[in-house]
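Participant: Now for the letters of each chain:
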Amino acid sequence: MVHFLEEVGANPGRSAHSRSIEAARVVYGAREAVAELLGVSDPNRVVFGLNLTEGLNLALHGLLKPGDHVITSSLEHNAMMRPLRELEAQGVAVTLVPNTPAGALDLAYLEAAIRPETTLIALNHASNVSGMLQPAREVAAIARAHDLLLLVDSAQTAGCHPIHMEDDEIDLLAFTGHKSMMGPMGTGGLVIGSRVDLDRFKPLVQGGTGSRSESEEQPAFLPDRYESGTPNAVGLAGLEAGIRWVLGQTVGTIRRREEKLTQYLIDGLRDIPGLILSGRGEAALQMPTVSLSLPGIPASEVGLRLDEDHGILCRVGLHCAPAAHRTLGTFPDGTVRLSFGPFIDAAGIERAVEALTRIAQNSA
Amino acid sequence: MSSLTHSVVLVYSTSHAIRLESLLKRANTPCKLIPVPRHLSSDCGVCVRFDDGNRSVIDRILGQSGLEIQRITPIPG
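For the record, the sequence lines run as chains A and B.
For what it's worth, numbering that gives the first Met the number 0 labels the leading residue of the first sequence as 0, then goes sequentially.
For what it's worth, numbering that gives the first Met the number 0 labels the leading residue of the second sequence as 0, then goes sequentially.
These are calculated hints, taken from the structure and not from any lab test.
From a predicted model like this one, the values you see are computed outputs, not experimental measurements.
Be a bit skeptical, because a hint or two may be false.
[To be verified] Facing chain B, from chain A, some residues (calculated, C-beta under 8 Å): (1) N43; (2) P202; (3) G206; (4) R211; (5) S212; (6) P222; (7) D223.
[To be verified] Computed far set for chain B versus chain A, every beta-carbon distance over 10 Å: (8) S6; (9) H15; (10) A16; (11) I17; (12) T28; (13) D50; (14) L61; (15) G62; (16) R70.
Where is the CB? At the ideal position from N, CA and C, for every residue including glycine.
Given these sequences and hints, build the entire structure.
Facilitator: Quick look at the structure:
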């Protein structure tokens, strides 16, 4: 990022001078890194935008039209649900497949919900509330069998759980740079697989791309078709650096370590009298995101005590995911959500468990 | 093999030019990104200039990668 700001500073793809070309190399470096991390052979299938929400909006608004039917899960974040509800108001039919309170997706229900107008299955790879993983490969097999596209929200998994879009048969994958890809905020987007027909996939925004300047029509090719206007090139420099760090550690190593620490956290929390955990309590089935409640103490109060008395920062409430909380039985009160990244150690987990033990004791 | 004549690969987007540059770099084949010569296109982008002696490598890499191009054309100088 320092290199970009101090020595490049030009607009990628907008001129043919050396700094503009260098800026395009910086952006392309981020494309290559995302492609390597997510198992995509052509880096130009990576379309950058502001964040994952924009990636999901591009996919949903670009692909779905009135009369179409889309299937999603009951564990979705509002980044998925709000565009779907907006599209529903415009005549797109939306089916929510139930998840059990423990988080498991009903695959038989999902397959039975498919009808002739169904064009897309869209769901997250893991819940941002309970951390529960969704069966993406099984859903992909159903999507292929019925010739449907599969859109995956990878907010909780990209960079900390193995993903190979091509092997996993994911057609569209929305990603954000600022979580486990270790990049800055303001980076993210959508990866577009080869089964997606670009002629039937409208861009969200039209404008200058630096290519086909003689034409007033939006280009038909990737990535320009979906990338109008000046990109966040300095942010993308940071995104590449973050992903290169992840690739150096290896995603498998990060996942194994976080899975172990997640189980350590869950086991510690289980020893706190009265504490209620969301999900199955098995780290192998979830990401390092754990939702809990302490009966008799509002989630907001627990969050405040964790912050002020123990210096532990977490998010409390509904986590922009009312559908998921309804499924988990924690609506409208919400939960306390603990989550961590690759820089925590066992001592950090112990501190959190100790702090929650004290908060539970003090309120008893 | 080296020769004194050059050609350019005209691509659809700067992203495609950078991808080709990256693939050629990995194949140890020199190239240079230059502005698209005005007589070839009114586009404001870049193209990939290479030594004609490396034409077979260019063809092979374009074939393997599936990278779509507009065309390859000789340039003076």
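Participant: Against this structure, judge whether each hint is valid.
Facilitator: Here is how each hint holds up against the structure:
Annotation: A/N43 was flagged as interfacial toward chain B, and the flag holds, the nearest CB pair being 5 Å apart, inside 8 Å. For A/P202, the shortest C-beta to C-beta distance to chain B is roughly 14 Å, which exceeds 8 Å, and the interface hint is violated. Below 8 Å, beta-carbon pairs count as interface contacts, and A/G206 has none with chain B, the closest being about 14 Å; its hint is therefore violated. The beta carbon of A/R211 is positioned within 8 Å of a beta carbon in chain B (closest approach about 7 Å), and the interface hint is therefore held.
Annotation: A/S212 was flagged as interfacial toward chain B, and the flag holds, the nearest CB pair being 5 Å apart, inside 8 Å. Annotation: interface hint on A/P222 holds; nearest CB of chain B at approximately 6 Å, less than 8 Å. Given the 8 Å rule on beta carbons, the hint for A/D223 holds: about 5 Å separates it from the nearest Cβ of chain B. No Cβ of chain A comes within 10 Å of the Cβ of B/S6; the nearest lies about 17 Å off, and the non-interface call holds.
Not every Cβ of chain A is farther than 10 Å from the Cβ of B/H15; the closest lies at roughly 7 Å, contradicting the non-interface assignment. With 10 Å as the threshold on Cβ separation, the claim that B/A16 sits away from chain A is violated: the shortest Cβ distance comes to roughly 8 Å. Its closest Cβ contact with chain A, about 4 Å, brings B/I17 to no more than 10 Å, contrary to its assignment away from the interface. No Cβ of chain A approaches the Cβ of B/T28 within 10 Å, the least distance being about 17 Å, so the stated non-interface status holds.
With a least beta-carbon separation of about 19 Å from chain A, B/D50 lies farther than 10 Å from that chain, consistent with its non-interface assignment. Even its closest Cβ contact with chain A, about 13 Å, leaves B/L61 beyond 10 Å, as expected for a residue assigned away from the interface. Listed as outside the interface, B/G62 is consistent with that label: its C-beta sits roughly 14 Å from the nearest C-beta of chain A, beyond the 10 Å cut-off. Non-interface call for B/R70 relative to chain A: holds, since the shortest CB-CB distance, roughly 15 Å, exceeds 10 Å.
Checked against the numbered hints listed earlier, the structure breaks hints 2, 3, 9, 10 and 11; every other hint is satisfied.
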